[in-house]
Structures are given as C-alpha cells and as structure tokens.
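Those sequence lines, one after another, are chains A and B.
Each step along the first sequence adds one to the number in our numbering, with nothing skipped, and position 261 is 261.
Each step along the second sequence adds one to the number in our numbering, with nothing skipped, and position 46 is 378.
Think of the hints as simulated: they come from the structure by calculation, not from any bench.
Quick reminder that beta carbons are idealized off the backbone N, C-alpha and C, glycines included.
You may find that some hints are simply not true.
To be verified - What follows is a list of derived Cβ distance ranges for each label pair: (1) A:A36 with B:V391: 35 to 43 Å; (2) B:V391 with A:P226: 46 to 54 Å; (3) B:E378 with A:A35: 25 to 33 Å.
Stated by the list, open to error - From the structure, some residues in chain B lie toward chain A, with a derived Cβ separation under 10 Å: (4) W347; (5) H369; (6) I377; (7) D405; (8) P406; (9) D418; (10) R422.
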Amino acid sequence: MYTTELQSAPGQKAGIPASAPEDPVKLAAFEARVAADEFIEPKDWMPEAYRRTLVRQISQHAHSEIVGMLPEGNWITRAPTLRRKAVLLAKVQDEGGHGLYLYSAAETLGASREEMIDALHSGRAKYSTIFNYPTLNWADIGAIGWLVDGAAIMNQVALQRTSYGPYARAMVRICKEESFHQRQGYELMLAMCNGTAEQKRMAQDALNRWWWPSLMMFGPRDDNSPNSAQSIRWRIKRETNDQLRQRFVDVTVPQAEYLGLTVPDPALKWNEARGHYDIGEIDWEEFYAVVRGEGMTSLERMKARRDAWDEGAWVRDAAQAHAEKRQRRAAA
Amino acid sequence: MNDNSSSNDKTGADWPLWEVFVRSKGGLAHRHAGSVHAADARMAIEAARDTYTRRMEGVSLWVVPSAAITASDPGEAAALFEPAADKVYRHPTFYAIPDAVKHM
C-alpha cells in the first residue's frame, strides 16, 4: 500500500518550509549528485528540506501500511474458506512488515520510532486517504487487492528509483511482495464474477465504492500539488501524480472489462489521439475532507490503533522484563 | 517503547535498534537486510525472522546492535578510496600476454 505526500489542505504551502540557507557549495554538490542519478545515503550531507520532506513522506507511507492492516483485518475472521483466510492473514502480515521497513528507513534520517508512532496516534500525522473507507462486503477484499494495491504498485515501482537509498531499497523489497497482493485480489474478483448473480453484484458494488477513492490515492492534480516540482527535482518522486494516475487507469480499465464489470465513470472514454483513457472529474472536496480526517472511518481507525498500542503495553513490558531477567542471569 | 499506558507517554526510550543480516543460502555471505527494534538479541532474531524472512529469504540471521557499527565518513571517501584509483597494475588486464599463451 502507499501514500502520496499529503498536505493538510489544498494549496497549503507548508510542505517545504523555508529554513536557514544551506551552504551553497555543499548544496550544489548535492544537486549534482542527485541529477546524476546517484543515491543519497544516511551519512551523506543533504539539505534540511530534503531530509524533512523524506521524513514526512516515508513516515506517512509507513503509517499507511500500518493503518492499511485494519480494513482488511476486519475480514480475517469472516473469510469464506481456509485458503482465503490464510492468504488474507499473509497479506495483512506483509502490510505490517512494509510499515516496519519504512519506519526503519525514516529512522536513518534521524526520526525516532516513538515520535512517529506518537504523531500517528495523536492525529498529527497523515496517512493514505484510502484507508478511511469501510470494507462492507467480502468483494471489498478483492477490490482492495486489485485496485488499492494496484495503485500502490504504480507509485512504488517508480519509487524504487527514488534518490534516497534506504527508501529505494525498502521499495524494492515491498514491490516484490505487493505483486502477490494484487494478484490475489484480482483472483478473488474473478471468482466472484464467475459465481452467482448475487456474488457478481457484490463485486460490482465493491468496484463502485473503491474506484474513485483508488484514483484519489495518487494525490492532488499536478497543478495543485505544490511540492511536486521540488520533489521531482530532488528525485524523491520520479513521476507526477497525474502521470501515475493515468497509467493506473490505462492498465486497470481493461482488467475491469475482463471481469465483466462496469467502471463507475460515465465520462470514461478511450482517447485515440492521446493514446490514453479520459476520465471524469475526481471529487476533490471528498478527497480533502478525508485528508482533514473527516473520512467515514477516520475516528474508528485511530481508535483501533491507539487501543492496539495501549492493550499491547503489557506485552512490551513483559518482553522488557524478560530481557532484563536474562541479562541478569547471564551476568550472574 | 517502554511506556506502559497511552501513546502520549513519551519516554524517549525506544528499544535498541539492531541491524539484520541474512544469509540467503549456504555458501553465501550474510547480507544487510534492514533493522529492527528489540529488547535483546534473542527478541531481535525473532523479530528479524518475522520481518525479513517471510518468504524463505534466509537460512541464517545475524543481528548486531546498530550502535556497535563504525562506519567510514562519506566526507573522507576520496581520501580513503582514491589511492586505489591509480593502481591499474593491480588488475590482470594491465598485462599484455600473447594470444598464443593459453590459460592465463
């Protein structure tokens, strides 16, 4: 799963705040390295704005993986077969793993795990808007794998060449694992579409609800994405929101046709001249409302995270006590 | 991560960070895979197993306290590595051997 870099409100300029001027010689050397497609590693000199942008983007990405476990975890106990249950468990466990790779990558920039978790739980941090939508029927699990992980892969494949080494390496590992996520989702949709009329109706219902939120995952339009140009210049981002969104639409529409499902966009049309699909207007009001924390399940998601953290306190304490006991025994 | 109540109890005490190295199969060296937080080495091994070897990526794990690693300074990379740059005679291709001489 993934997040694009989120702002609190449209047009907000807070993304890359002004900071003390950087040493021009070091800055020029840094920019030349990035322009030559070199990777920047943790101990290398980097401008503060580059570090801050990365910490925010990587930690938002990590939070998205962790919160992304919740909508699917919701269905583990209700999976219709043992095979589907094992698959869903493995997928949700992978999302947790992806969160951990990403927190580690952010920590190489000087962010602490504790601060990042606290920022999430206190509501200061953003995560992908997509996880604030509810999973209402079993076909939603298929739609998430197919569309949400599909959209994530589009973005993450590009991020494998991001300029910060630890982030790029985390992306390589994540991309290897995401492919299974998308394929299991599409296979689930295929099974539902080849099933009873009621099952096919559930699949269409899931597509109807997840299509637009999936397109929103790519973030604001390029003309309303204030930090994109800087992020692209520093090769943190390798492609723009609109480029990635277009690619996702172009590969996904034929997949929907194969399933015999209808994409819920009356304006969707192949544009021969452009060689791409044209789509209708995204409801940006809805997008920004969800970014502001007004998503259908925003409160529920954060409550679930905080409860898990608080209820897990005794496990962390016990592990700490056990480690200390072993240490004392070893010393004795 | 020692805190025992709400998420707002910041203690500044994450569990120590461990670097994880995975041997993908017998005969190959351990290779850096990433890092985990853990209270002690045994827990770090268990966390590394769950985090970095969910798909049979390894047959052996090392965990090393991150604080125990000393790294070279990127600012000194030139001084460290450049002396090797003008010693092409350390490479076999520096030496011209007649084609008639085989297996060398």
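### Task
Tell me if R422 (chain B) is really an interface residue toward chain A, meaning its C-beta lies closer than 10 Å to one of theirs.
Given a least distance of 25 Å, the restraint on R422 (chain B) is violated.
### Task
Could you see if the CB distance from E378 (chain B) to A35 (chain A) stays within 25 to 33 Å?
For E378 (chain B) and A35 (chain A) the Cβ distance comes to about 43 Å; the hint is violated.
#### Entry: Distance restraint hint 46 to 54 Å, applied to the beta-carbon atoms of V391 (chain B) and P226 (chain A)
Holds: the Cβ-Cβ distance is about 48 Å, inside 46 to 54 Å.
### Message
Can you verify the interface hint for P406 (chain B): is its Cβ closer than 10 Å to any Cβ in chain A?
### Response
This interface hint holds because 5 Å falls under the 10 Å limit.
### Proposed interface contact between D405 (chain B) and chain A, which counts if any beta carbon pair is under 10 Å
holds (7 Å)
#### Entry: Hint validity - H369 (chain B) Cβ closer than 10 Å to any chain A Cβ
holds (6 Å)
### Query
Close enough to count: is the Cβ of D418 (chain B) nearer than 10 Å to one in chain A?
Hint violated; D418 (chain B) Cβ to chain A Cβ min 22 Å, cut 10 Å.
#### Entry: Verdict for A36 (chain A), V391 (chain B) (Cβ pair) under range 35 to 43 Å
Once the Cβ atoms are compared, 38 Å apart, the range 35 to 43 Å for V391 (chain B) and A36 (chain A) holds.
### Query
Against chain A, is I377 (chain B) within 10 Å by beta-carbon distance?
violated (12 Å)
#### Entry: Given hint W347 (chain B) near chain A, where the shortest CB pair must fall under 10 Å
holds (8 Å)
Checked against the numbered hints given earlier, this structure breaks hints 3, 6, 9 and 10; the rest are met.
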